[in-house]
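**Student:** Spelled out from the first residue to the last, the chains are:
Protein chains: 2
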Amino acid sequence: MKIALCQLNSVIGNLEFNKQNILEGYKRGVEAGADLVISPELSLVGYPPRDLVEKSEFRLAVKNAMNEIANSTKDIGLIFGSITEDDDLIGTNIHNSALLAFNGKIQFIQNKSLIPNYDVFDEMRYFDSAKKIEVFEYKGEKLGISICEDIWNDEDYWYRRRYSEDPVKELIEKGATLLINISASPYFFGKRKERADMLSLLCKKDSIPLAYVCCVGAQTDLIFDGASMCFNGNGELTRLGKNYKEDFFIFDTKNDSALNDNCEESFEEEVLNSLIYGVKEYSRKLHFKKALVGLSGGIDSAMVTYVAVKALGKENVNVVLMPSKYSSEGSINDSVKLINKLGISHRNVTIQPVVDKVLEILLPKLEKELIGITEENLQARIRGIYLMAFANNDNYLLLSTGNKSEMAVGYCTLYGDMNGGLAVLADVYKTDVYRLANYINRSDEIIPTEIIKKPPSAELKHGQTDQDSLPPYDLLDKILRMYLEENKEINQITSVIGNKEVVKKVLRLVDINEFKRYQAPPALKVSRKAFGYGRRFPIVQGWRN
Amino acid sequence: MKIALCQLNSVIGNLEFNKQNILEGYKRGVEAGADLVISPELSLVGYPPRDLVEKSEFRLAVKNAMNEIANSTKDIGLIFGSITEDDDLIGTNIHNSALLAFNGKIQFIQNKSLIPNYDVFDEMRYFDSAKKIEVFEYKGEKLGISICEDIWNDEDYWYRRRYSEDPVKELIEKGATLLINISASPYFFGKRKERADMLSLLCKKDSIPLAYVCCVGAQTDLIFDGASMCFNGNGELTRLGKNYKEDFFIFDTKNDSALNDNCEESFEEEVLNSLIYGVKEYSRKLHFKKALVGLSGGIDSAMVTYVAVKALGKENVNVVLMPSKYSSEGSINDSVKLINKLGISHRNVTIQPVVDKVLEILLPKLEKELIGITEENLQARIRGIYLMAFANNDNYLLLSTGNKSEMAVGYCTLYGDMNGGLAVLADVYKTDVYRLANYINRSDEIIPTEIIKKPPSAELKHGQTDQDSLPPYDLLDKILRMYLEENKEINQITSVIGNKEVVKKVLRLVDINEFKRYQAPPALKVSRKAFGYGRRFPIVQGWRN
Numbered sequence: 000m001k002i003a004l005c006q007l008n009s010v011i012g013n014l015e016f017n018k019q020n021i022l023e024g025y026k027r028g029v030e031a032g033a034d035l036v037i038s039p040e041l042s043l044v045g046y047p048p049r050d051l052v053e054k055s056e057f058r059l060a061v062k063n064a065m066n067e068i069a070n071s072t073k074d075i076g077l078i079f080g081s082i083t084e085d086d087d088l089i090g091t092n093i094h095n096s097a098l099l100a101f102n103g104k105i106q107f108i109q110n111k112s113l114i115p116n117y118d119v120f121d122e123m124r125y126f127d128s129a130k131k132i133e134v135f136e137y138k139g140e141k142l143g144i145s146i147c148e149d150i151w152n153d154e155d156y157w158y159r160r161r162y163s164e165d166p167v168k169e170l171i172e173k174g175a176t177l178l179i180n181i182s183a184s185p186y187f188f189g190k191r192k193e194r195a196d197m198l199s200l201l202c203k204k205d206s207i208p209l210a211y212v213c214c215v216g217a218q219t220d221l222i223f224d225g226a227s228m229c230f231n232g233n234g235e236l237t238r239l240g241k242n243y244k245e246d247f248f249i250f251d252t253k254n255d256s257a258l259n260d261n262c263e264e265s266f267e268e269e270v271l272n273s274l275i276y277g278v279k280e281y282s283r284k285l286h287f288k289k290a291l292v293g294l295s296g297g298i299d300s301a302m303v304t305y306v307a308v309k310a311l312g313k314e315n316v317n318v319v320l321m322p323s324k325y326s327s328e329g330s331i332n333d334s335v336k337l338i339n340k341l342g343i344s345h346r347n348v349t350i351q352p353v354v355d356k357v358l359e360i361l362l363p364k365l366e367k368e369l370i371g372i373t374e375e376n377l378q379a380r381i382r383g384i385y386l387m388a389f390a391n392n393d394n395y396l397l398l399s400t401g402n403k404s405e406m407a408v409g410y411c412t413l414y415g416d417m418n419g420g421l422a423v424l425a426d427v428y429k430t431d432v433y434r435l436a437n438y439i440n441r442s443d444e445i446i447p448t449e450i451i452k453k454p455p456s457a458e459l460k461h462g463q464t465d466q467d468s469l470p471p472y473d474l475l476d477k478i479l480r481m482y483l484e485e486n487k488e489i490n491q492i493t494s495v496i497g498n499k500e501v502v503k504k505v506l507r508l509v510d511i512n513e514f515k516r517y518q519a520p521p522a523l524k525v526s527r528k529a530f531g532y533g534r535r536f537p538i539v540q541g542w543r544n
Numbered sequence: 000m001k002i003a004l005c006q007l008n009s010v011i012g013n014l015e016f017n018k019q020n021i022l023e024g025y026k027r028g029v030e031a032g033a034d035l036v037i038s039p040e041l042s043l044v045g046y047p048p049r050d051l052v053e054k055s056e057f058r059l060a061v062k063n064a065m066n067e068i069a070n071s072t073k074d075i076g077l078i079f080g081s082i083t084e085d086d087d088l089i090g091t092n093i094h095n096s097a098l099l100a101f102n103g104k105i106q107f108i109q110n111k112s113l114i115p116n117y118d119v120f121d122e123m124r125y126f127d128s129a130k131k132i133e134v135f136e137y138k139g140e141k142l143g144i145s146i147c148e149d150i151w152n153d154e155d156y157w158y159r160r161r162y163s164e165d166p167v168k169e170l171i172e173k174g175a176t177l178l179i180n181i182s183a184s185p186y187f188f189g190k191r192k193e194r195a196d197m198l199s200l201l202c203k204k205d206s207i208p209l210a211y212v213c214c215v216g217a218q219t220d221l222i223f224d225g226a227s228m229c230f231n232g233n234g235e236l237t238r239l240g241k242n243y244k245e246d247f248f249i250f251d252t253k254n255d256s257a258l259n260d261n262c263e264e265s266f267e268e269e270v271l272n273s274l275i276y277g278v279k280e281y282s283r284k285l286h287f288k289k290a291l292v293g294l295s296g297g298i299d300s301a302m303v304t305y306v307a308v309k310a311l312g313k314e315n316v317n318v319v320l321m322p323s324k325y326s327s328e329g330s331i332n333d334s335v336k337l338i339n340k341l342g343i344s345h346r347n348v349t350i351q352p353v354v355d356k357v358l359e360i361l362l363p364k365l366e367k368e369l370i371g372i373t374e375e376n377l378q379a380r381i382r383g384i385y386l387m388a389f390a391n392n393d394n395y396l397l398l399s400t401g402n403k404s405e406m407a408v409g410y411c412t413l414y415g416d417m418n419g420g421l422a423v424l425a426d427v428y429k430t431d432v433y434r435l436a437n438y439i440n441r442s443d444e445i446i447p448t449e450i451i452k453k454p455p456s457a458e459l460k461h462g463q464t465d466q467d468s469l470p471p472y473d474l475l476d477k478i479l480r481m482y483l484e485e486n487k488e489i490n491q492i493t494s495v496i497g498n499k500e501v502v503k504k505v506l507r508l509v510d511i512n513e514f515k516r517y518q519a520p521p522a523l524k525v526s527r528k529a530f531g532y533g534r535r536f537p538i539v540q541g542w543r544n
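Just so you know, the sequences run in chain order A and B. For the first sequence, the positions run 0 to 544 when numbering that gives the first Met the number 0 is used. For the second sequence, the positions run 0 to 544 when numbering that gives the first Met the number 0 is used.
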């Protein structure tokens, strides 16, 4: 059987656009001689639609669009993803469904069985689980159709499983000769490889081919990297969709031969491309053409500027230099060097007269003596005001520049350097920011070496470096990785690190800065556990080990 | 049977404190001659613990504390709430459990069956459902123990049910002679009455008494109002716990007579007390003694100041007056009147010199001509900087003052008047703020009449009023209520309101301002649907009806 895979980039809630996109893919598939055309999970509504699915007028509009799609089909089948409703009056009565339409009608619906509800997934909030799982006979094959998570519960692959049921096993027991999985699988580094390994094993074990079609695009903080995959019954990868763009290709379930392609790229390549794509998509979908970055002379803002240039073009990136009396000569020179290298425009504004004016007015009104942190925050906040004024007035998307290490320990100012519509690096540890910078410079010095080599500093007081108040980043990131990604705690981490005091200090900083992160902009997710939607801790809590 | 109800205020994650609190309640119950002592859902860990339950060292500490509690019991039973683990390697392997301990051991565990996963509830993220439901014979009674949501699925009460199972029905079928429900039920107006009605009906239908013990306290945005309830087998309320404080009382299941008490208070009384309690608890649990409010002369900041005074005492509230050239004479006089009435301290600072200085520096650097909104936001942000400087330096909790109507349509400045650790009124519509103000003034003019009577204005330009850019608040709030609380949309709302254009405008404003609310401080929840944790919409989305 020839299956056309449409790796689509839906816009959440834009039913008209998504419908047309699905129908264009269908048309293309029919013209290319496919027997069946497939498109991703919830491709009609976009993923994740979140509380939109709780709106009855939205669901009605979805139903109409769904029928319009079905009406447009001829004798070639089209599988697409949408929400559907049941009427048993128990549960949400809403399903995350794969619909198979041909000859002008919806002929078969398979609802999702396994409803993910961990990390960034909230699907049990919205979707009831499928009541039955069935194969569908189509053009000589028995199609075993499943949706994303449905295929992630194989008992031979997982030691610890999230669900007791295995819908794919059930499909195979019911005689499926061909597996189809429609997905929306948010990116993190390592996931592409994990997908390929798991799916390959599954196909090999049951000697069954699989067409796995993913969406592509970014939706606020979540990046969908594409890379739809097809496997033959030997578990060999035979087709692989593009990364970070829509794609269309035909999978011949019987005749395709094994690809000699490795779906995984290096950490640097993958993460950098994901960040660039995330910025590009967020800007495009919110109709921002231009991005603004506050350039400090440090590595983070240099990196964000580079990402913005790659995402939007050098003519659409403007940076603001805002030195103070604490800024080193180097910071300004290094910034100018980067600006010239990237060929972008910049503005230069001084903050000192405003800092002085504010302090002049506030000092007599303070109850306590002025403390250092008040003045440091003040500088960061005045810079934040400048950036927002430029962004508001000249219609730029302000990108915030804090990295994951800083966000973790609260080494950032709320309403200051945290300002922005999107946090580009908030899921990238400081040490990984350096890795990315060195990678960018692998054949040409784009990010000035001086920026990479200098000791990290917020430059909010004389001679300040980050290491005055934080452990060295190598150590800090090691602790953070265990705490955040691996859910380890003080005893487990200390047994690796040795120094209990430093571990304790770092963990405490992470915990007490929940209030800052609560008000942070959305952060592009590139790791297994990012701050934001997928990590939920109380602000008010007293757990200490 | 005599049951002692301990209506406890746990601190999330503070196991030592919570353990002691449970044991003190137990001791008190034993001394008062109770046959059984009960305490609320997850009373050992605090509710909601969120991702803390994913930490294995946390769970280990919980297990130890659980055993310490059990070890302290004698022949009188103690029921308390905690997390427990199973080892079937499927699902999360964690349960939300009611534990019954006596004679130094945990004698019986009933896990929660119905796992809520809507609005502010995310429990399916953490908890597997109970595998079995059993009654427990104890001192001549068959105890039917359930946990919170378990009792909220009665098929005779609900037309549309969330779950197919009914654990309470099952307990009764298994011969339960006495129902015990341990709960953590977040407040919203109307819920106390709903609880009483539903529980009463259930007891009456099955002629069975019920002891329903709730936690009390506030956890960041969620308020737990207490009001534990006991019903006899006629469905009559026989005992009622205090609102907004810990309580302890004995329920005699056979001999208590019906109370002549109405658990519900007026909207004004309930909501005002909830807000005061929310501020009090947030401050106390984060160890803030003092609160700071920016006082504009408008109704919202006046209301927040009043709430802060009631929560923390007049000596612990400081307000900041920050007039600009657009502030009316009245605004300042009215503020001073309120300050005198409440007997609080204040500071007066001018923003104009800083606005002028910033504009002087920024104007030559703007790409486009200065637009009004840039300047308006600038004023709000400079005020925000002042407030944060005072809060940082003098150790105040800054309270933000925006109401729900403003937050809905984005009539507020990010990093400006939205600044703060807690948003006090962000779940109270503007028209309800007036209701509360009139209620406060019912016997004495506390909030100056001038503040209540003047047309609402942000005073960010000359002669500005809110109604220059928004529909009248009566109309706006009517639309918002339908959109936010009732999930209605443009067609349904227009059929009530009539004017489609105005409905469309309001709905669009709500949708496009998701990005602002994403970065807003936590908001005290007092309605069925508050912004924040319980309302989840994508920032990037294209749904328009």
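Read the hints as simulated data drawn from the structure, not as lab findings. Source: prediction; values computed, not measured. The beta-carbon is built from N, C-alpha and C at its ideal position, and this holds for glycine as well. It is possible that some hints are incorrect.
[Stated by the list, open to error] Computed list of lysine-lysine pairs in PhoX-like fashion (alpha-carbon distance at most 25 Å, straight line):
no., chain 1, residue 1, chain 2, residue 2
1, B, K460, A, K289
2, B, K324, B, K241
3, A, K62, A, K168
4, A, K130, B, K364
5, A, K288, B, K130
6, A, K340, A, K356
7, A, K168, B, K130
8, B, K453, A, K515
9, B, K528, A, K515
10, A, K279, B, K367
11, A, K364, B, K367
12, B, K141, A, K356
13, B, K515, A, K528
14, A, K336, B, K289
15, A, K289, B, K364
16, B, K313, B, K324
17, B, K203, B, K173
18, A, K367, B, K324
19, B, K460, B, K515
20, B, K313, A, K62
21, B, K192, B, K141
22, A, K367, B, K131
23, A, K104, A, K141
24, A, K336, A, K364
25, A, K73, A, K130
[To be verified] Here are the computed distance ranges between Cβ atoms for each label pair:
no., chain 1, residue 1, chain 2, residue 2, range
26, B, V495, A, K130, 50 to 60 Å
27, A, K504, B, K26, 35 to 45 Å
28, A, P454, B, L362, 18 to 28 Å
29, A, E154, B, E133, 41 to 51 Å
30, B, E366, A, K253, 33 to 43 Å
31, B, I445, A, L369, 28 to 38 Å
32, B, E84, A, E484, 53 to 63 Å
33, A, N259, B, E15, 44 to 54 Å
34, A, E154, B, K173, 55 to 65 Å
35, B, S344, A, Y438, 33 to 43 Å
**Student:** Which earlier hints can't be squared with this structure?
**Tutor:** As far as the earlier hints go, 1, 2, 3, 4, 5, 6, 8, 11, 12, 14, 16, 18, 20, 21, 22, 24, 25, 26, 28, 29, 30, 32, 33, 34 and 35 are violated by this structure, in ascending order.
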